[in-house]
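Visitor: Starting from the structure of chain A, add chain B where the hints point.
One-letter residues, chain by chain:
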Amino acid sequence: MLAIEADTLRRTYTSRTGWPRSRRTETEAVRGVTFEVKPGELFGLLGPNGAGKTTTIKMLNTLLLPTSGTARVFGHDVARDPVAVRRRIGYVFGGDRGLYDRLSALDNLRYFAELYGVAARDQKRRIAELLDLVGLVGREKERVEGYSRGMRQRLHIARGLLHHPDVLFLDEPSIGVDPVAARDLRRTVADLAAAGTTVLLTTHYMAEADELCDRIAVIAGGRIRALGTPGSLKSRVGDRDVLDIEAYGAGDEVIDRVRRVPGVRGASVEDRGAVQTVSVQTDRGAELHAPVLAAFDGVRLGRVVSREPSLEDAYIAIVEEAAGSAAPEGVPA
Amino acid sequence: MFRFRCRSLGFRFHAFSRLLVVGGAISYRALFNWTTPPMFIGTLLVGPLLQVFFFVFLGRELGVADDRFHLVGNAVLAASASCVYGGTMAVANERRYGTLGAVLLSPRHRVPLWLGRALPYVLNGLFVSAFVLTAAALVLGLPVSAGALPGLGLVLLVAAGACSAFGLALGALGLRFRDVFLVSNVASSVLLLLTGAAVPRGTLPGWMRTAGDLLPLTHAADAARGLTAGGGLDGRLLGAELAVGAGWGLLAVVLLAAFERGSRRRATLDTM
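Protein chains in written order, with the numbering used here: chain A, 1 to 333; chain B, 334 to 605.
In short, the hints are calculated from the structure, not lab data.
Where a beta carbon is used, it is the ideal one built from N, C-alpha and C, also for glycine.
Certain hints may be false.
[Claimed, not checked] Each computed SDA-like pair below joins lysine to any residue, with the alpha-carbon atoms no more than 20 Å apart:
id	chain 1	residue 1	chain 2	residue 2
1	A	Lys141	B	Thr368
2	A	Lys124	B	Phe349
3	A	Lys234	A	Asp107
4	A	Lys141	A	Leu106
5	A	Lys38	A	Gly75
6	A	Lys234	A	Gly273
7	A	Lys141	B	Ala358
8	A	Lys124	B	Ser350
9	A	Lys124	B	Phe344
10	A	Lys141	B	Thr369
11	A	Lys124	B	Val354
12	A	Lys234	A	Glu312
13	A	Lys124	B	Thr369
14	A	Lys38	A	Lys141
15	A	Lys124	A	Asp107
16	A	Lys38	A	His76
17	A	Lys124	B	Thr368
[To be verified] Not close to chain A: a few residues of chain B, all C-beta gaps over 12 Å, as computed:
id	residue
18	Gly449
19	Ala470
20	Gly474
21	Gly480
22	Leu490
23	Val513
24	Ser522
25	Gly568
Chain A with its partners taken away, still in its complex shape:
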C-alpha cells in the first residue's frame, strides 16, 4: 500500500473584495497535482513561493478539502475519512508560531500528547524520548517565549512525532534556522526516514533537498513540472555549464542582456548584501565566458567560477521554463 497518493488534486480559493458590491475572485492554487509516495520514502516538494506546496500539504493533511481530485494516506481518503488520516500523520511547519508561548516545552508536549491521543501511561516516556531526540533536555521547563527559533523548530518536530506518525509532513522546517541547527535538523529527518517514517518535505534549500530526498517533485503555478530523483533532475541540465559571477550592482537590464547572449540557457541572481551572485547556464562546451562577461559592461565584477550544474540549477531551469508557459493566476468569476 502506498503511503501517499495524490490524484489530480485541485484547489481553488475564492475571495471577495469591496463593499457593498463585492467582487468575487477565484485563484487556482493547485491545478491537478498527481504523485505517489512509497512507505519509508523521503519525498521532496520544491517550488517558489505561491507555487501551491503548502496548499497541497494542507489537502493531504486534511486541513483543506480538495476542490476536485482525490488523495489518500495509507489508503484513507483525506476528504471522507479525515480522522483516520490524522491518526497516521504528523505535521511540522516552519517559523516562530504554532506553539503556546506561555507554556513550557514540557507542557506544550503534554497538551499535544492529549490532543493526539497518546495514552496517559506512555506520555512521560514518549515526551522524554522526544526531548532527548531534539536536544531540548534541560530546557524543557522553560517557557517557549524565551526560545530561539532553532529551539522552537526542534520543539515543532517533537510535537509532530508525539504519536509515532507513519507519515510526517515537514513544511519548510529549516526556514530561518541557523546552519548548525539546520544540520542537526537534517540529521533528525534522515534518521526518521531511515527508521521507516514516510516524510514529505517542502523546502527552499536545494542542498537540503539534494542531501535528504529520495525523489523530488518541482511544483510551480500549481502544477508539477518535474518529478524524479535528485540525480535525474540534475541530468535535465546535464547538457549545460554554469558560470557563477560575482557582480556589484547588476540591474535587470544587465541580466536581460546576459540572457540574450546566444548559447545562454538561463540566468538567475542571488543577492548577498552588496554583492550579487549571478548564475548563468550555458550550452555545454560553448565557452561563453567572453560574451557573457561583455554583457556585464559597466558593472564591477568579482570572482568568476565555472562549475557543473547542481540541483539548484535544475530547479531554476524548471521553474523558469514553467514561468514562461504560466497562465494568469487570478480568474475573475
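Guide: Showing chain B alone in chain A's frame:
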C-alpha cells in the same frame, strides 16, 4: 468478551476525562490572558467588586432597587468577565499563537476537546462570584444566613457554567471571524443590560425581557436573590438556568463543528 468491552469502555472514558480535565487545565494556562496575579486580581476581582459598589450606591441615590438587588445581581454578573472573555480566548487565541492548525489536526473527538476548554472558566467564574459576593456583603453589611450558602454555591456554579457555555459559543465565532473580541465586548454589555443582574427587568420593554430569558445569569440572579433573602432554593429558576446553559453549550458545539467543516471547504482559517 464482556470484560474486554468493559475495559475498552473504561479506557475510552479515561481518555475522554483526561482530554476534558487535563487538556482543559493546560489550555487555560496557555490561552487565558489574565492568569498573572496583577491581571487576575485587577480584572476579575477588584473591577467587579467596584462595580457592585457603584450600582449599590447609585441604586440608593436613585431609589431604583435595594442593596440586596444590586449586590447579589452584580456578584452573579461578576462571573461573566472570566466566562465570556475566557470562552472567547479559549478558541480565538489559537489564531494569535498560530496553533489552530495543530489543534484541528487532532484526531480526538471535538466535544471533550472544546468543552474541556470551558471547564476552567466555570471554576474561575464560581470563584470570582463567590469572592465578590462575600467581600461586598461584608463591606456593605448584607446578612446572608449560613443555611443559604450551599444553595448559593450551587446557583453560582450553574450560573458560571451557563455563562461559560455562552462564552464558548461566542468563541466559536472565532473560527469564522477574526475580530471576535468585538462580539465579546458587546455581549458583556448585553448581559449587564438584559439579565436583570444590574438593571431591574421590570423596567425593560417586553422584547428585552424575552431576550434576557434566553441569556445566562438571568435566572441565577433571581434565584440567588431569593436565597439571600431567606427564601429556599427555587428549583424552577435553577432548572431554567441549567436549560439556558445546556442550550448555549449545544449551540457552541454545533457552531464549532460547523465552522471547522466550513473552514476545510472555504479555507477560512489562517491555520498555519
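Visitor: Each hint should be assessed against the structure and marked as holding or not.
Guide: Checked hints:
For the given pair, Lys141 (chain A) sits about 18 Å from Thr368 (chain B) by alpha-carbon distance, which is consistent with the 20 Å threshold. For the proposed pair Lys124 (chain A) and Phe349 (chain B), the alpha carbon gap of about 18 Å is at most 20 Å, so the pair holds. With a CA separation close to 45 Å, the supplied pair Lys234 (chain A) and Asp107 (chain A) exceeds the 20 Å bound. Using a Cα cut-off of 20 Å, the hinted pair Lys141 (chain A) and Leu106 (chain A) holds, with the two alpha carbons roughly 6 Å apart.
Proposed proximity of Lys38 (chain A) and Gly75 (chain A) is supported: the alpha carbons are some 12 Å apart, at most 20 Å. Distance restraint check for Lys234 (chain A) and Gly273 (chain A): the Cα-Cα separation of roughly 28 Å exceeds the 20 Å cut-off, and the hinted pair is therefore not satisfied. Under the criterion of a C-alpha separation no larger than 20 Å, the hint pairing Lys141 (chain A) with Ala358 (chain B) is consistent with the structure, at around 17 Å. For a cut-off of 20 Å, the pair hint linking Lys124 (chain A) to Ser350 (chain B) stands: about 18 Å separates their Cα positions.
Proposed proximity of Lys124 (chain A) and Phe344 (chain B) is supported: the alpha carbons are some 18 Å apart, at most 20 Å. Of the pairs offered as hints, the one joining Lys141 (chain A) and Thr369 (chain B) holds, with about 18 Å between alpha carbons and a cut-off of 20 Å not exceeded. Of the supplied pair hints, the one linking Lys124 (chain A) and Val354 (chain B) holds, its CA atoms being roughly 18 Å apart against a limit of 20 Å. A distance of roughly 8 Å separates the Cα atoms of Lys234 (chain A) and Glu312 (chain A); the hinted pair therefore holds under the 20 Å criterion.
At roughly 28 Å between alpha-carbon atoms, Lys124 (chain A) and Thr369 (chain B) are farther apart than 20 Å, so this suggested pair is violated. For the hint linking Lys38 (chain A) to Lys141 (chain A), the alpha-carbon distance of about 38 Å lies beyond 20 Å, and the restraint is violated. Distance hint between Lys124 (chain A) and Asp107 (chain A) is fulfilled; the C-alpha atoms sit about 11 Å from each other, no more than 20 Å. With a C-alpha separation of about 15 Å, the suggested pair Lys38 (chain A) and His76 (chain A) falls inside the 20 Å cut-off, and the hint holds.
A distance of roughly 26 Å separates the Cα atoms of Lys124 (chain A) and Thr368 (chain B); the hinted pair therefore is violated under the 20 Å criterion. Distance check on Gly449 (chain B): its Cβ comes as close as 9 Å (rounded) to a Cβ of chain A, failing to clear the 12 Å threshold; non-interface status is violated. Non-interface status of Ala470 (chain B) relative to chain A is upheld: no Cβ of that chain comes within 12 Å, the nearest being about 35 Å off. Under the 12 Å C-beta cut-off, the non-interface status given to Gly474 (chain B) relative to chain A holds; the minimum distance is some 41 Å.
The Cβ of Gly480 (chain B) lies farther than 12 Å from every Cβ of chain A, with a closest approach of about 41 Å, so its non-interface assignment holds. Separation of Leu490 (chain B) from chain A is adequate, the least Cβ-Cβ distance of about 25 Å exceeding the 12 Å criterion. Look at Val513 (chain B): its CB is around 19 Å from the nearest CB on chain A, clear of 12 Å, so calling it non-interface holds up. The Cβ of Ser522 (chain B) sits about 26 Å from the closest Cβ of chain A, beyond the 12 Å cut-off, so the non-interface label holds.
At roughly 37 Å, the least C-beta separation between Gly568 (chain B) and chain A is larger than 12 Å, which holds for a residue marked as non-interface.
Of the numbered hints stated above, those contradicted by the structure are hints 3, 6, 13, 14, 17 and 18, listed in ascending order.
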